[in-house]
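Protein chains in written order, with the working numbering: chain A, 1 to 308; chain B, 1001 to 1534; chain C, 2001 to 2278.
Note that these hints are calculated values from the structure, not bench results. Any given hint might turn out to be false.
Straight-line C-alpha distance at most 20 angstroms; calculated EDC-like pairs for lysine to aspartate or glutamate [what the hints assert, rightly or not]:
(1) A:K82 x B:D1085
(2) B:K1324 x C:D2047
(3) A:K7 x C:D2111
(4) B:K1236 x B:E1211
(5) B:K1324 x C:D2111
(6) B:K1360 x B:D1373
(7) B:K1304 x B:D1119
(8) B:K1321 x C:D2047
(9) B:K1424 x B:D1494
(10) B:K1273 x C:E2040
(11) B:K1321 x C:E2043
(12) B:K1406 x C:E2040
(13) B:K1321 x C:E2244
(14) A:K82 x B:E1211
(15) B:K1324 x B:E1269
(16) A:K82 x B:D1048
(17) B:K1236 x A:D168
(18) A:K82 x B:E1210
(19) B:K1406 x C:E2043
(20) A:K82 x B:D1373
(21) B:K1273 x B:E1320
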Amino acid sequence: MLSILLKRFFGAIPTLFVIITLTFLMMRLTPGGPFDTGRVVSPEVQANLMRAYHLDEPLFSQYLRYLGDLARGDFGPSFTSKDFSVTQLIRQGFPVSLQLGLSAMAMALVVGLGLGTFGALHRNRPSDHAVIVFAMVGIIVPSFVMAPILTLVFGVTLHWLPAGGWGDGHQLSYKILPVVALALPRISSIARLSRSSMIEALEQPFIRTAYAKGLPRRLVLFRHAMRAAILPVVSYLGPATAGIITGSIVVEQVFSIPGIGRYFVDAALNRDYTLVAGVVVFYGCIIVLFNLIVDILYGVLDPRVSRR
Amino acid sequence: MPMKRAVLAMGVILAFLSVGSSSYAGGEVVLRRGNAAEPESLDPARSDTVNAGRIQDDLFEGLVVLDPEDRPLPGAAESWTVSADGLTYSFTLRAGLSWSDGSPLTAEDFVYSFRRVVDPATASSYAYIFFAFQNAEEIVQGKIKDPSRLGVEAVDPRTLRIHLKRPTPYLLAELAHAKFMPVKKANVEKFGAAFTQPGNLVSNGAFILEEWTPQARVVLAKNPKYWDAANVHIDKVIFYPITSPNEELNRYRAGELDITYAVPNAQAESLRKTAGEEFRSNVQFESSYLGFNLTKPPFAGNPKLRQALSMTIDREMLAEKLLKVGSIPAYGIVPPVGDPAYKAQRVSWASLSQAERVAKAKILYAEAGYGPDHPLSVELRLTTSEDARKVAIAIASMWQTALGVKTSLVTEEFKMLVAHRHEKQVTQVFADAWVGDYPDATTFLDLFTTGSGENDPGYANPKFDALIAEAGKTLDTARRAELLQQAETLLLEDAAIAPTFNHVELFLAKPYVKNYRPNPCGYTYSKAVTILPH
Amino acid sequence: MTADSGWRRLLRNPMAMAGLTVLGLILLLALFGPFLAAHEIDEVFWDRIGAPPDFAAGFYFGTDANGRDLFARTLAGARVSLLVGTAASLISLVIGVTYGAIAGYLGGRIDAVMMRIVDILYSLPFVFFVILLTVYVGRSLSTIFITIGAVIWLDMARIVRGQTLSLKQREFIEAARAFGATDRRIILRHIIPNLWGPVIISMLLVIPDAILTESFLSFLGLGVQEPNTSWGVLIGDGAQNMMETPWMLLFPGAFLALTLLAFNFLGDGLRDAMDPKE
């Protein structure tokens, strides 16, 4: 197991390298620079700015400079938040995004799996239909509609929860609406996936055999059926993470949450090369890491996948 | 059973979410302001947006401040004199001024701060605001290597002298701008770019920086060392960077904000009726207009076509039906507010009715070589903002109805639009807007001089340039205004641009917020605000 | 399983049939919208800015914030959204299934490399991808769905690979291999046909995804250009002001919701009908 881990870990390095290079090139090749502010900038001042940020150097030496800085854990200065370094910004925003994302993911998994299993066990009965309908709501209502609705109902009208913001970062009340808004579409997907795979699993011969052998229903469900049913959900975790990262861009925007999703949009639209590259490289690491975990989980859960 | 586990797991999630909670200590007077966007920097030399400016107005204080009508009032300076030729300004600082850390604030600090802005090493994108100072342009361009040759000197700790290379009647008002605010040398040198972070920042304004969480909030606390601290009635100011006006309105309604930055355009009309005294407005020193690319067909050398398009924009309709309280129809580039000496100019056909304008525009359109069989197809470039889109859709429809022009709208995100406008390669007609930096007509007219970096239409008229240059040398206020007015008339008659409207800043403020009065140039000072018990 | 019996099972499923009917109706509305609407999509009615529905005047859904007929615009939006959804999901289907099946079946080093490529594409911020494409290719409807298709096939490839990994251990694959079938034949004849279940379910995740992604792009000003529109654009505009002009959100929202529901029901029906284990 350890050797597989190490192998995957070192395998991830070229991946990251490619991510860094592609991101770097993409940023530099897109028109519009970080200093197009819509204000008078004389050519001399523009030149001074370019020099201060080393943007006047050839592309390749900029690239080498960037790689060198990265190796020292320095993501460079931010163009749009000039008083902070990119490293500072990521260090600030990541815990917020992580907390938001993990909470949403946990909520999606627990509620989604629960609903899906419940639906499968009560197949075609009214309670199953209720689950299906609920799952539909999460899919058909886009998060940029759901988030303002939640705000209007719970924040503006009922005054139960704050309408936005993140408070001082420690207040639970600020986190409920964003987590729910971020989790809803994932709850729906997981409920649907686990419902259909559970139904499929329940029809497998080995389940029937288990029942025939007189094993208790609970044991059959949780030892055998659940294990088979959870596989598609596990392989959905990768996409779900990507979905949560994309979704957090919207949710962080709508609720004004200081996570890196919000930096990302701002930085992208403002051509903040270093901040964008920093966030992407950072996300890249997270995704590579997460996929590694999913692969391992898959191997552990599905005995049919040979352990290479 | 799964339910039990689900409950357990939810418990874990909730525990994860709540890492303790805290609330504000009671008894503090807190002002919570919407501020639209995250400030790019709190360093006066390196910021360039209104959003940063609003925070800097509270953190720092320059030699002068502007009153609600844009008139300069004493700030850090208690008085000043101007030489007869208008080239030398002497300021006397208030006695006993100090930084927030208690150290004395002297004329040397201003000299250091001014030199720092023009120093190429600082790379301030706003350094041009110093160009009336002796040697400023040469220092920024690197022709003079020594920033200490800038036209500013500390005669003694309380006397600052500024030497100009040309008379600048608006200099006093300009000095209220953030670029002329003092920063503390020791801290800049010690912390570098991080000198504005909480704990590092020493300032001289009514407030000091307590917390800055990017994309979340900036918290300022009252500065007990401020010279006028006795008259500051607020303990804390919190700025929230909330981008969407709709979301900001929700937060305001939920009682989480005291003053908003803006009002969603679509709800302005109903809020004006329902929000009563909470609904407030401020006519800004701003112009929105459409620019024509004068360097490429179809608009190069085709003033008739440009004028036809400009005339068929029904500005009254735009203002009355679409933008409502948020705008005033515009027929000139210099807004009617902000510069008291200047008489705002209007296009010659402004006195016609809209029907007459359309009739005349049809003739011009035909003379320009277009008609029903040969309609103009044109691209209109705009930003992605909601309001920009609404205006562009309406204008495209007006052109279609009046002239049969086929307009395709091209929305581009802001940076891309700015880049395209500057390059003048792909643009045809484009949306543009300008907010005055100081209350003087030149802040608008200078844009259109030949070769100016912001001359997006590519307007090049030697007569216009000559008038602007002549005005720059003229000391007599009336004569100077007259020259500038002639220049604007020329620009308008050439139809290099189609003015559309002047923006009215709309915002909400809770009834208990008193004395909050932004001015046309957009300066806002929290220090004057009082909050009634509520 | 024969296709015949599958179809019969599908026809007997009322929800699936309801979904099919709704989709058919919406498709007809989308196609014949210009004939049904009383007004053009880009005509501005200055006296009816943000007006509620008025049947007598032909504004069945009211008007938008610019005074344009929302009925005409919703139907125009239907054309764009359905086109984007279908085209993008077809792209994702073709690329994703082929890619995922090959990676999962071949396994080993090839699988590792192929999945690494997917990882890389995943972690690229597609906002940039889109900005680059719109700059170099030019902004158009096809740019939008190619971009979306190029992004969302990754999910499909992941799911298909996962399923293939477990499928290839099954007896009938072993049997085919024992009979000397080529890899190509096994993938085409045995693996892909047995993937329909999960593939259809993920198709149904992909279509709403594509439609919603399009609206995200339109939000950034990179989507459909005015005066053309899509449901995403209309809903985004409607959500701005849902308290005061709810019809701007309600009508396009209902169309989107109905369409997505219909796709879902139809998909579930198909899944049940094609389930080879029954």
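Verification of the hints:
1. A:K82 x B:D1085: Since the Cα atoms of K82 (chain A) and D1085 (chain B) sit roughly 40 angstroms apart, the hinted pair is violated (cutoff 20 angstroms).
2. B:K1324 x C:D2047: holds (13 angstroms)
3. A:K7 x C:D2111: holds (14 angstroms)
4. B:K1236 x B:E1211: Cα-Cα ~11 angstroms, so holds.
5. B:K1324 x C:D2111: violated (61 angstroms)
6. B:K1360 x B:D1373: Distance ~19 angstroms between K1360 (chain B) and D1373 (chain B) Cα, so the pair holds.
7. B:K1304 x B:D1119: violated (46 angstroms)
8. B:K1321 x C:D2047: Within the cut-off at roughly 8 angstroms; holds.
9. B:K1424 x B:D1494: holds (18 angstroms)
10. B:K1273 x C:E2040: violated (33 angstroms)
11. B:K1321 x C:E2043: holds (15 angstroms)
12. B:K1406 x C:E2040: Distance of about 15 angstroms is within 20 angstroms: holds.
13. B:K1321 x C:E2244: Holds - the C-alpha atoms of E2244 (chain C) and K1321 (chain B) are around 17 angstroms apart, at most 20 angstroms.
14. A:K82 x B:E1211: holds (17 angstroms)
15. B:K1324 x B:E1269: holds (7 angstroms)
16. A:K82 x B:D1048: OK: K82 (chain A) and D1048 (chain B) at ~11 angstroms, within 20 angstroms.
17. B:K1236 x A:D168: holds (15 angstroms)
18. A:K82 x B:E1210: holds (18 angstroms)
19. B:K1406 x C:E2043: holds (13 angstroms)
20. A:K82 x B:D1373: Roughly 54 angstroms between the alpha carbons, so the hint for K82 (chain A) and D1373 (chain B) is violated.
21. B:K1273 x B:E1320: At roughly 15 angstroms apart (the allowed maximum being 20 angstroms), E1320 (chain B) and K1273 (chain B) satisfy the hint.
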